[in-house]
Amino acid sequence: MRLLGSDLGCIRGGRTVLSGLGFTVSAGEALVVLGPNGVGKSTLLRLVAGLVRRSKGELSLEGGDSELSIGEQAHYLGHLDALKPSLTVRENLTFWSRYLGGSAEPQVVLAAVGLDGIAELPAAYLSAGQRRRLSVARLLAVRRPLWLLDEPTSALDTNAQTALAGFMADHLAGGGLILAAAHGPIGLRAPRELRLGGSS
Amino acid sequence: MTALIALLVRDMRLAIRVGGGAPIGVLFFLIVVTLTPFAIGPDLALLARIGPAILWLGALLASLLALDRLVAADLEDGSLDLILTAGVPLELAVAVKAVAHWLTTGLPLVVAAPLLGLLLNLDPAATGAVALTLLAGTPALTFIGLIGAAVTVTLRRGGLLLAILVLPLTIPVLIFGVAAANAAIVGPMPFATPFTILCGIALLSIVAGTFAAAAALRHAME
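Chains as they are written, first to last, in the numbering used here: chain A, 13 to 212; chain B, 10 to 231.
Extracted from the complex, chain A is given alone in its bound form (with noise of 0.2 Å):
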């Protein structure tokens, strides 16, 4: 399985945010995209998603399921946590799961990340730490072949890294692809780096 991206370009507002960018992601792989505040990470992630549309470029998985878009295959963990706080811990995670089409025991998946202790606690009681552990509960939870993830390490204590470094370094050994946006060094091992703006 092979993501391919090639001369990509993005518009958001009238403001050129993204062109001429091309990259592959290949199973087992993970790609890092760093760069400065703005320059159009998040964007890249979205565009891949399918959440924001390209104006240029082609974009394809290939080696994917060709009757799904490439956002019904990829995992997208954003800023934004879609957790609802009047809901309990299981409830948020048991509803994404099914929603998304997981068939993974709730209980399991949150003790992979460390939250069965306070599995019937509201979310609004969650500290940004735990709610950010509960949203990657939810890559563990339903399988899908590319995470699309966007600052994955923000808000995680030490020990949560390394848990999450984990899940990923497991993800590509079974043939996952991942593609982050970030500012530092996420936990994986020497994972190949796209460089936008600056000094590419």
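Hints are supplied without guarantee of correctness; some may be wrong.
[As the list claims (entries may be wrong)] Just a sample of chain B residues kept apart from chain A, beta carbon distances all over 10 Å, derived:
1. Ala12
2. Ala15
3. Val18
4. Leu23
5. Gly28
6. Gly29
7. Pro46
8. Leu91
9. Gly96
10. Leu116
11. Leu128
12. Ile180
13. Ala224
[Stated by the list, open to error] No farther apart than 20 Å at their CA atoms in a straight line, the calculated lysine to any residue pairs in the SDA-like style are these:
14. A:Lys68 x A:Gly209
15. A:Lys68 x B:Leu212
16. A:Lys68 x A:Ser18
17. A:Lys68 x B:Met230
18. A:Lys68 x A:Ser31
19. A:Lys68 x B:His228
20. A:Lys68 x B:Arg227
21. A:Lys68 x A:Gly25
22. A:Lys68 x A:Val29
23. A:Lys68 x A:Leu208
24. A:Lys68 x A:Glu117
25. A:Lys68 x A:Gly129
By construction, these hints were calculated from the structure, which means they are not laboratory data. All values derive from a computational prediction rather than experimental measurement. Note that beta-carbon positions come from the ideal geometry of N, C-alpha and C, so glycine has one too.
Following the hints, put chain B in place on chain A, whose structure we already have.
Chain B only, in chain A's frame:
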């Protein structure tokens, strides 16, 4: 199918829990209808004559109350991004959200209407007629409101604009809803004529509302 049921259950849960809008609509309906006899005075004949209109106006305004959060909440917390990547057509997703909204805010209005009919001196047959027209008409109000909710989704405090956009579109529903109720009470028109048209408007609103709202949301995501 599992996905749609999951969405229905989630939205209904959100509506009934703390911070959800489900009880607000019914309470507002209750207050509006209770205030009317105080404003009009103890003229029982007049109350009975305008009762169906009062119930309909109350239900119309009450059904608008919780609409502004129907899709805006999902846009603001990022849920809409995930809903779009789920592989479920957006049209179906918004239709299910509207159904959940109707079950938690529209249906209680229908159930409350017979109780409130007592306050307006309506006899049981008239009350039944009003409740039946509300049962057919409130889904139309919800789906017309869904269009407004989707169009105003990116605006902060879009609730007021929503009401201004949606209320003119509900005029046909109001006309035929009240006409059917009055036909059942005083005649001379048969009940079935305006009621059938009301049902037709409701079915049209369900279809048009679903597609218009999905199109508006897609545009808003750009």
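These are the hints, each one checked on the structure:
1. Ala12: 5 Å, violated
2. Ala15: 4 Å, violated
3. Val18: 8 Å, violated
4. Leu23: 6 Å, violated
5. Gly28: 5 Å, violated
6. Gly29: The claim breaks: glycine 29 of chain B does not keep its Cβ more than 10 Å from every Cβ of chain A (closest is about 7 Å).
7. Pro46: Proline 46 of chain B clear of chain A: closest Cβ-Cβ about 36 Å, beyond 10 Å.
8. Leu91: 5 Å, violated
9. Gly96: 4 Å, violated
10. Leu116: 21 Å, holds
11. Leu128: 33 Å, holds
12. Ile180: 35 Å, holds
13. Ala224: 14 Å, holds
14. A:Lys68 x A:Gly209: Holds. Lysine 68 of chain A to glycine 209 of chain A sits at ~18 Å (cutoff 20 Å).
15. A:Lys68 x B:Leu212: 40 Å, violated
16. A:Lys68 x A:Ser18: 9 Å, holds
17. A:Lys68 x B:Met230: 18 Å, holds
18. A:Lys68 x A:Ser31: Status holds; Cα separation ~8 Å.
19. A:Lys68 x B:His228: Distance of about 18 Å is within 20 Å: holds.
20. A:Lys68 x B:Arg227: 19 Å, holds
21. A:Lys68 x A:Gly25: 15 Å, holds
22. A:Lys68 x A:Val29: 12 Å, holds
23. A:Lys68 x A:Leu208: 17 Å, holds
24. A:Lys68 x A:Glu117: Outside the cut-off at roughly 41 Å; violated.
25. A:Lys68 x A:Gly129: 47 Å, violated
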